[in-house]
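Q: Given next are the chains, with one letter for each unit.
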Amino acid sequence: MIKFIESIGYRTLSFFQEAGAVFIMVWRVFKYLSEVWRNRSLVFQQMLEIGVRSLPLVIFVGVFAGAVASVQTAYQLEGYISFNYLGAATSIAIFIELGPVLTALVAAGRVSASIAAEIGTMKVTEQIDALEALAIDPLRYLAMPRILSGFIMVPILTIFADFVGLLGAYFVAYLNLGLSPEIFFGSVKEFFTIMNVMSGLIKAFVFGGVTAIIGCHVGFGTEGGAEGVGKSTIRAFVLSSALILLNDYLLSVLLF
Amino acid sequence: MIEIVNLKKSFDEKIVLRNVNLKVYDGEKLVIIGRSGCGKSVLLKNILNLMQPDRGYILVDQVPIKKVSQRDLFYLRKQFGFLFQGSALFDSMTVAENIALPLVEHTDLSPKEIKIQVAEKLEMVGLPGIENLKPSELSGGMKKRVALARAIIMNPKYVLYDEPTTGLDPIMAANIDHLINELNDRLNVTSIIVTHDMQSVSRIADRVVMLHMGMIMFEGSVEELHTTDNPIVYQFVHAKMDGPIQPKPLKY
Ligand SMILES: Nc1ncnc2c1ncn2[C@@H]1O[C@H](COP(=O)(O)OP(=O)(O)OP(=O)(O)O)[C@@H](O)[C@H]1O
Ligand SMILES: [Mg+2]
Numbered sequence: 022m023i024k025f026i027e028s029i030g031y032r033t034l035s036f037f038q039e040a041g042a043v044f045i046m047v048w049r050v051f052k053y054l055s056e057v058w059r060n061r062s063l064v065f066q067q068m069l070e071i072g073v074r075s076l077p078l079v080i081f082v083g084v085f086a087g088a089v090a091s092v093q094t095a096y097q098l099e100g101y102i103s104f105n106y107l108g109a110a111t112s113i114a115i116f117i118e119l120g121p122v123l124t125a126l127v128a129a130g131r132v133s134a135s136i137a138a139e140i141g142t143m144k145v146t147e148q149i150d151a152l153e154a155l156a157i158d159p160l161r162y163l164a165m166p167r168i169l170s171g172f173i174m175v176p177i178l179t180i181f182a183d184f185v186g187l188l189g190a191y192f193v194a195y196l197n198l199g200l201s202p203e204i205f206f207g208s209v210k211e212f213f214t215i216m217n218v219m220s221g222l223i224k225a226f227v228f229g230g231v232t233a234i235i236g237c238h239v240g241f242g243t244e245g246g247a248e249g250v251g252k253s254t255i256r257a258f259v260l261s262s263a264l265i266l267l268n269d270y271l272l273s274v275l276l277f
Numbered sequence: 149m150i151e152i153v154n155l156k157k158s159f160d161e162k163i164v165l166r167n168v169n170l171k172v173y174d175g176e177k178l179v180i181i182g183r184s185g186c187g188k189s190v191l192l193k194n195i196l197n198l199m200q201p202d203r204g205y206i207l208v209d210q211v212p213i214k215k216v217s218q219r220d221l222f223y224l225r226k227q228f229g230f231l232f233q234g235s236a237l238f239d240s241m242t243v244a245e246n247i248a249l250p251l252v253e254h255t256d257l258s259p260k261e262i263k264i265q266v267a268e269k270l271e272m273v274g275l276p277g278i279e280n281l282k283p284s285e286l287s288g289g290m291k292k293r294v295a296l297a298r299a300i301i302m303n304p305k306y307v308l309y310d311e312p313t314t315g316l317d318p319i320m321a322a323n324i325d326h327l328i329n330e331l332n333d334r335l336n337v338t339s340i341i342v343t344h345d346m347q348s349v350s351r352i353a354d355r356v357v358m359l360h361m362g363m364i365m366f367e368g369s370v371e372e373l374h375t376t377d378n379p380i381v382y383q384f385v386h387a388k389m390d391g392p393i394q395p396k397p398l399k400y
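Top line first, the protein sequences correspond to chains A and B. With the working numbering applied, the first sequence corresponds to residues 22 to 277, in that order. With the working numbering applied, the second sequence corresponds to residues 149 to 400, in that order.
Because the hints were derived from the structure by calculation, they are not lab data. Don't take every hint at face value.
To be verified - Only pairs whose alpha carbons sit at most 30 Å apart, straight line, appear in this in silico DSSO-like list of lysine-lysine:
hint	chain 1	residue 1	chain 2	residue 2
1	B	LYS226	A	LYS24
2	A	LYS52	B	LYS162
3	B	LYS214	B	LYS282
4	B	LYS226	A	LYS252
5	B	LYS263	B	LYS282
6	B	LYS282	B	LYS305
7	B	LYS305	B	LYS263
8	A	LYS52	B	LYS215
9	B	LYS226	B	LYS263
10	B	LYS214	B	LYS263
11	B	LYS171	B	LYS282
12	B	LYS305	B	LYS156
13	B	LYS214	A	LYS52
14	B	LYS305	A	LYS252
15	B	LYS282	B	LYS226
With the rest of the complex left out, here is chain A (with noise of 0.2 Å):
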């Protein structure tokens, strides 16, 4: 019993240990953003590598996530409300919803697993202590232009996931349902506002940061070869989803 206690103990202890240490790692990156501009080559190659790589991915998900958005609401509104209020019940379940969490995911699966691969591989190979040795700091290097890059790419693949998913939903309701873009896309206007997307953008710019730091913090704390890595891989993938879903409950009660 008391040794349950004591692990119990032990875990929380390590866990704010852990959180500190990324605090810290956020707090020294944030510092070294005033030299964005001298390291604009690094930031434009993250900024290919999260964004333009993950499009196509998006995109996939994006189209079938609104198709089937679609499905459901018109399967929820049948019999109650007219469908002609279904570009709008949909739309806004993309926009905020929708778009940036599975935009997230998504990223979540490919860029924290994929920088956490990357940066652990530098670890276990010396590459990571090179830097040190040749007076290049690691995080400025490495992580300042990642982190960046998940900040301001997943807001922008969201924008991309929001607007084809639109599309996908619409592409639905016209083969089920046989409804014409002016009413669909009319009740999209209707209740349109700024404001929906825009929260959906923010949760994207929260989302995207938390994937990118989980990946460094991940990859820097890489221990042991091969198996190392794939062990980070494999955290990362599931600290950042799980802290996504986490986030979005907490912002979602935050900004309604």
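Go by the hints and put chain B with the ligands onto chain A.
A: Then chain B with the ligands, alone, in the frame of chain A:
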């Protein structure tokens, strides 16, 4: 001058460096020998503060490297070249980008000047014209030499070589030893060389120390190394199977 004072380093329960005291004088070539796993690489990493000692301290030009701010630490590190035992080349970059990185990050040289310097250093390590290859396309010995080129690109005051000739053919090894001597003579570089290669030791060492059981257990010239009657050093230098050192390392 580098001064290592009462250095102690352990990993969990395992004590690697028990109590190391060592001075490295400006302009000398100090060779560190010792059995595999005795902590030579750990000692080098401590000098650059890539690892922190548990106890004791290291002074680089009178500055305690463990205590300084990050800015000062980086300033000190810029005066060092470090050749990693495993080369530690950045595998996302080409050979040229690897070697050029310190110049790109720390100087205002133009791309053209950087290119010239990279080519010059590649020439020095006997690998001209391989700028555009990736590390994955190189042999182990080639990686080592590219890493050496990267270590000396900033014309450092101190160079720490972790097994510079391991994995090289005898002729190339002699060339690298010659290069180490050249850097020392011409640019007055202070060198610490970790090696298992006894021929290298004879070619380069001004002074030799042997690390054993976490302490410096021998110190002297190459001549003294070969004539000492210390049984451990004798067995090591002459590669004898019988003697105080047995294949299974003693419990640390
Ligand atoms: N990061 C680490 N974590 C745990 N133990 C370590 C670590 N680095 C080194 N060690 C241990 O420290 C000891 C010394 O390692 P080191 O790499 O310095 O040996 P070495 O003298 O350089 O050997 P070699 O000649 O084979 O390169 C080894 O027993 C190793 O297990
Ligand atoms: Mg070693």
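Q: Taking the hints in turn, state whether each one holds.
A: Checked hints:
no. : hint                   : result
1   : B:LYS226 with A:LYS24  : violated, 49 Å
2   : A:LYS52 with B:LYS162  : violated, 37 Å
3   : B:LYS214 with B:LYS282 : violated, 35 Å
4   : B:LYS226 with A:LYS252 : violated, 34 Å
5   : B:LYS263 with B:LYS282 : holds, 16 Å
6   : B:LYS282 with B:LYS305 : holds, 28 Å
7   : B:LYS305 with B:LYS263 : holds, 22 Å
8   : A:LYS52 with B:LYS215  : holds, 21 Å
9   : B:LYS226 with B:LYS263 : holds, 20 Å
10  : B:LYS214 with B:LYS263 : violated, 35 Å
11  : B:LYS171 with B:LYS282 : violated, 38 Å
12  : B:LYS305 with B:LYS156 : holds, 26 Å
13  : B:LYS214 with A:LYS52  : holds, 22 Å
14  : B:LYS305 with A:LYS252 : violated, 40 Å
15  : B:LYS282 with B:LYS226 : holds, 25 Å
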